[in-house]
Amino acid sequence: MAKILVVADIKQGELKSSTAELLSKARAIGAETAVVAVGSNMSSLTPDLVNAGSDTQYMADDPGLELFSAGPFASCVVDAAKQFNANLIWFGFSESGKAAAPRVAAQLEAACATEITDVVIDGEQIEIVRPAIANKVMQRVKVNTGQLVAVVRAGAFEAADGVTGTENIVTLSPPPSDLKAVIKELVSDASGEIDLADADIVISIGRGAKDQAGVDLVKELANDLNAGFGSSRAMVDGGFMAHNKQVGQTGKIVAPSLYMAIGISGAIQHLAGMNGSKVILAVNKDPEAPIFNVADYGIVGDLFEVVPILREEIKKVRS
Amino acid sequence: MKILTTVKKVVDVELTIRIADGAIVEDGLQYVINAWDENAVEASVQLKENNGAETTLVSIGGGDNTDIIRKCYAMGIENGIHIEDPALEKADSSIYAKVLQKVYEKGDYDLVITGKQAQDTDSGQTGIMLAEYLGLPCVSNVIAIEVIDEQHVKVSRLGDAGTERVELELPAVVTVSDSINEPRLPAMRGVMMAKKKKIEVMDLAALGTSPEEVGGGAPKSEVVEFMASKTRQSGQKFEGNAADITTRVVDLLVNEAKVL
Ligand SMILES: Cc1cc2nc3c(=O)[nH]c(=O)nc-3n(C[C@H](O)[C@H](O)[C@H](O)COP(=O)(O)OP(=O)(O)OC[C@H]3O[C@@H](n4cnc5c(N)ncnc54)[C@H](O)[C@@H]3O)c2cc1C
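Just so you know, the protein sequences line up as chains R and W, in that order. Numbering follows my numbering, in which position 52 of the first sequence is assigned residue number 52; successive positions increment by one, without gaps. Numbering follows my numbering, in which position 196 of the second sequence is assigned residue number 196; successive positions increment by one, without gaps.
Everything labelled a hint here was simulated from the structure, so no lab data went into it. Where a beta carbon is used, it is the ideal one built from N, C-alpha and C, also for glycine. Take these hints with a grain of salt, some might be off.
Restricting the straight-line Cα-Cα distance to at most 25 Å, the calculated cross-link-like pairs of lysine-lysine (BS3-like) are [as the list claims (entries may be wrong)]: (1) W/K230 to R/K278; (2) W/K2 to R/K180; (3) W/K106 to W/K237; (4) R/K142 to W/K230; (5) W/K98 to R/K142.
Output of the computed footprint for chain R on chain W, the stretches with three or more beta carbons under 8 Å from beta carbons of chain R [claimed, not checked]: (6) 9-15; (7) 89-99; (8) 217-226; (9) 246-259.
Extracted from the complex, chain R is given alone in its bound form:
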């Protein structure tokens, strides 16, 4: 039987939904499951880790692990993987996961795959499916070792209802800190804002929004809808939006039930971050903009004219 170790995705002290999604998938495959949590002050997270569907919880809980550092993070995962004898080690889609997975694979001499969207286990043989070339193609990849370290693409697996695990805590000893890569400072993202990855509706702006007035205009719509407020790279480069708001290959991958692309042309690098959304609405004044090729609903028009109407109409139907 496969043994799947899921690396808990913890952000600002909270367990992210990807952990339950990965554990649900692992259970659906019929695997034995464990989770490894790396951080500090995590005792209150234990029920969440169990409820997410893990049957063993490896805890690396240490003040030295409060700030992310890829080396120590990877050491903890390797430690848990060895103790659990895992043949699959899964990270949720996150910058920490992307940074740690190749280290873990190198240390275990395991195969490594990022952005996987599916996995098929047939006896000893593991195969995965993943996108490549900016999502233009899918690859079926055969794993030639018995062990695979993978980063699962955001939204690939769904959390099943009624899943729960059993509590069986194993305490890991804290790893040495990385003295050659010392984190000096963390400039935190603005807190209190809706995490794009969690939002049910994401509204993103592009260069078409032009300036601060455009940003503010669309932001009001996002506030009305309690939506995540995202961006193309153009508006991040322009200094109007924070880096962590960028959607696309270099930024966040989102798959909300509704994605609104406002003044975004639809470059492949942007599409790679949002074309898994259930419904896409595009507002663009250029009827030939490539974003319309992927949009379920398209409004050809000037966003400065369209967005206020959109707000009003949505207010009407919602009240």
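Starting from the known structure of chain R, arrange chain W with the ligand on it as the hints suggest.
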């Protein structure tokens, strides 16, 4: 400071990619320098210009890489190494990293800069694995590099919780995001000069290693099939009076798509 930059030749992602019988159709493809590696080259050249450094690039595979290596020369890179060996045909990231390890060990470098991922695989593993094999400190997804002194650089990384500022002891490996810089367009003079520069082409033997040592014949994973990705159908597009079409679309979002 001696800087090693990695450069991969990849398929141009802007063009249509067709698939037949589980493979990518070669016909009509074009090859270019991996965009993130272009950021790595730009970062190296900026360090050379601002702090003084010797810059070398290495490219593995790709057949005739003269064009992309010359482009990097024209951008300001000084030396170029091209590793080409039939044993690397099915290389995975771990094998690339092992080959890079050999290149690194021959050169006594202080800093390795790679793109954060390659556009043909979107894997994002090679640079990080290289660091792991060399036992060097590594920071990925870097958006700024600042030299502190001969032994240290300070880098900014986009992480999950915000921007991390990390002090790295050299030698070290960093993988860079496209947010780090805007790669320059080479000046005409640079393009002319680049044509005269040598490219050092080597196979694994010349590099002092063998297919066995780098795992050449035995990739840990291999692509067995390419498939078309699910393409979205374009839906309903509305033109005309802004108020009318917007009202219509809101109605559809509520009653047809049921997402509002
Ligand atoms: C390696 C690499 C990685 C990248 N990663 C990302 C990434 O992660 N995310 C990302 O987004 N990009 C990424 N890019 C950049 C990407 O290629 C595009 O340059 C970028 O997405 C363009 O942003 P945009 O659509 O806002 O701007 P533009 O392409 O300039 O489009 C602006 C659009 O706004 C429309 N418009 C203008 N005025 C109005 C108006 N008044 N009303 C309505 N519409 C209007 C225009 O018709 C146009 O379609 C990456 C590029 C590279 C090379």
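Okay, the hints, checked on the actual structure:
no.	hint	verdict
1	W/K230 to R/K278	holds, 13 Å
2	W/K2 to R/K180	holds, 18 Å
3	W/K106 to W/K237	violated, 58 Å
4	R/K142 to W/K230	holds, 21 Å
5	W/K98 to R/K142	holds, 20 Å
6	9-15	holds (count 3)
7	89-99	holds (count 4)
8	217-226	holds (count 9)
9	246-259	holds (count 10)
Going down the numbered hints, you'll see the structure goes against just number 3.
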